[in-house]
Amino acid sequence: MRTTYCAAMLAATLATAPAANAVDFDVEITNLSNAIYFTPFLVAAHPAGNNLFVTGQPASANLQAMAEGGDTSGLEADVTALGATIVTNPAGGLLAPASSTSFNMNTDGTSNDRLSIVAMLLPTNDGFAGLNAIEIPTAAGTYTFNVNAYDSGTEANDELITGGGMPGVAGIPADPGGVAGTGGSGAASADANPNVHIHRGTLGDTDAAAGTSDLDSRVHRWLNPVIRVTITVN
Amino acid sequence: MTDRTTMLARLLALGLGATLIAACGSSNNNAPPPPPPPPPAMASFDVTVTNLTNGQPLSPLAVVAHQDGYAVFAVGAAATAGLEMLAEGGDNTALIAEADADATVTATASGTAPIGPAGSDTVSITVLESELPGLIMSVSTMLVNTNDAITGINGVSVADMQVGDSTTWQAIAYDAGTEADTEAAIHIPGPAGGGEGFNAARDDAADRVAMHSGVVSQDDGFAGSDLGGQHRFDNPVAQVQVERTN
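Chains as they are written, first to last, in this note's numbering: chain A, 713 to 946; chain B, 12 to 257.
Honestly, the hints are just simulated from the structure, not real lab data.
Errors might be hidden in some of the hints.
Said to hold, decoys possible - Now the stretches of chain B that chain A is said to cover, found in silico as 3 or more residues with beta-carbon under 8 Å:
id, segment
1, 56-67
2, 128-136
3, 243-253
To be verified - Here's a subset of chain A near chain B, in silico, CB distances under 10 Å, partners left out:
id, residue
4, THR797
5, PHE815
6, ASN818
7, ALA899
8, ALA900
9, VAL908
10, HIS909
11, THR924
12, TRP934
This one's a predicted model, so the numbers in the text were calculated from it and none came from an experiment.
Note that beta-carbon positions come from the ideal geometry of N, C-alpha and C, so glycine has one too.
Extracted from the complex, chain A is given alone in its bound form:
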């Protein structure tokens, strides 16, 4: 009787074994926004129990560098130290509004069963999109994840295009779409929430040469979600 039981268990284990770890999957990232560009994405499959950011907690210095200037090198070093499977800059530059980028990942031989994706929203002061350590599906199929925009809480959302992208330097690095104005007086002082939180959206105004913001309230706004991630397990 015991032998039969064990044999049945073994059969069940064998039957499910091929799906136990997704080692080969395709990822597609789609920019859902109207006028927001994403800086080069950092995509990392990594072990469970690790996060690039935690909502309600202060941003790490490396997250801040990504959120304020699009620099993912610090976060890349963080996940490299975890033995992560990494894809950087899959779009070969900025990911434009309503555009997609696709790539393959293979985690064979690793314990990298969580997926994180981050990139900065341009033009914002410190907005970023983050897929936060989701469990990589294991059964063959297609899975969709809607991703929200966060504010790293580290820089005032003054909405001024100054070129400032270094951590701690005020201002927005650029508006890749080229529709932002100039001459704004500053849309906001420091965030009321200094920790990582859901971005309240840009304010903008309708005065291209003055007003409080260099952003255009009719163009640069968004509502969540801002990107869609599609995972196809092969």
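Got chain A; can you put chain B on it based on the hints?
Below, chain B alone, put in the same frame as chain A:
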């Protein structure tokens, strides 16, 4: 004696043993001390809400564990008086009283303080283990720098959670539909207004719950608003984690 023993056994089976045993022991000195009744098996949950907004403190939580039949609200239907009081003034006492009076509600619990934009709060709630089948959790709180915005989770199943299990939901903002969204300080109880909270008058365009459309703010050209750009929000506005601890 036989009758009394039988009655005691019945009461014990009903889970009322502890109090009655003490009462019985004091009135019958000759009886041997009865064995202590096994404590009823309980299940406990920690409900943790993290505020994801930039400038909207959340009022003290209202946590309701219930069976099918209770709901904090239904989109398209008028808010209860208890929800109106929570949504307009951040006061959860009437909502919890309504829940306690509902036969399908198992337990209620309240947060003790508001949750600031960088903060979180954990409320523990305990139910009889026998209530676990079909158990549903609801959590409600007000975005206090608004006229009548609420968020939370409105009926999620926790029946299958084992001890140590944890599930997280992203919570969106609803408009209770009981107060016009004037954004005027005199109607906003939070620190941005310091004005009136609950008012029984229902002066919103339609007296029903719907998804909230966000605040406009003076910074976005609403001259009558006493809110600023810092008070604007997008969804989700809160993260709700339920963990079964026992």
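Evaluated hints:
| no. | hint | result |
| --- | --- | --- |
| 1 | 56-67 | holds (count 6) |
| 2 | 128-136 | holds (count 4) |
| 3 | 243-253 | holds (count 7) |
| 4 | THR797 | violated, 25 Å |
| 5 | PHE815 | violated, 27 Å |
| 6 | ASN818 | violated, 29 Å |
| 7 | ALA899 | holds, 6 Å |
| 8 | ALA900 | holds, 5 Å |
| 9 | VAL908 | holds, 9 Å |
| 10 | HIS909 | holds, 5 Å |
| 11 | THR924 | holds, 7 Å |
| 12 | TRP934 | holds, 8 Å |
When each numbered hint is compared with the structure, violations occur for hints 4, 5 and 6.
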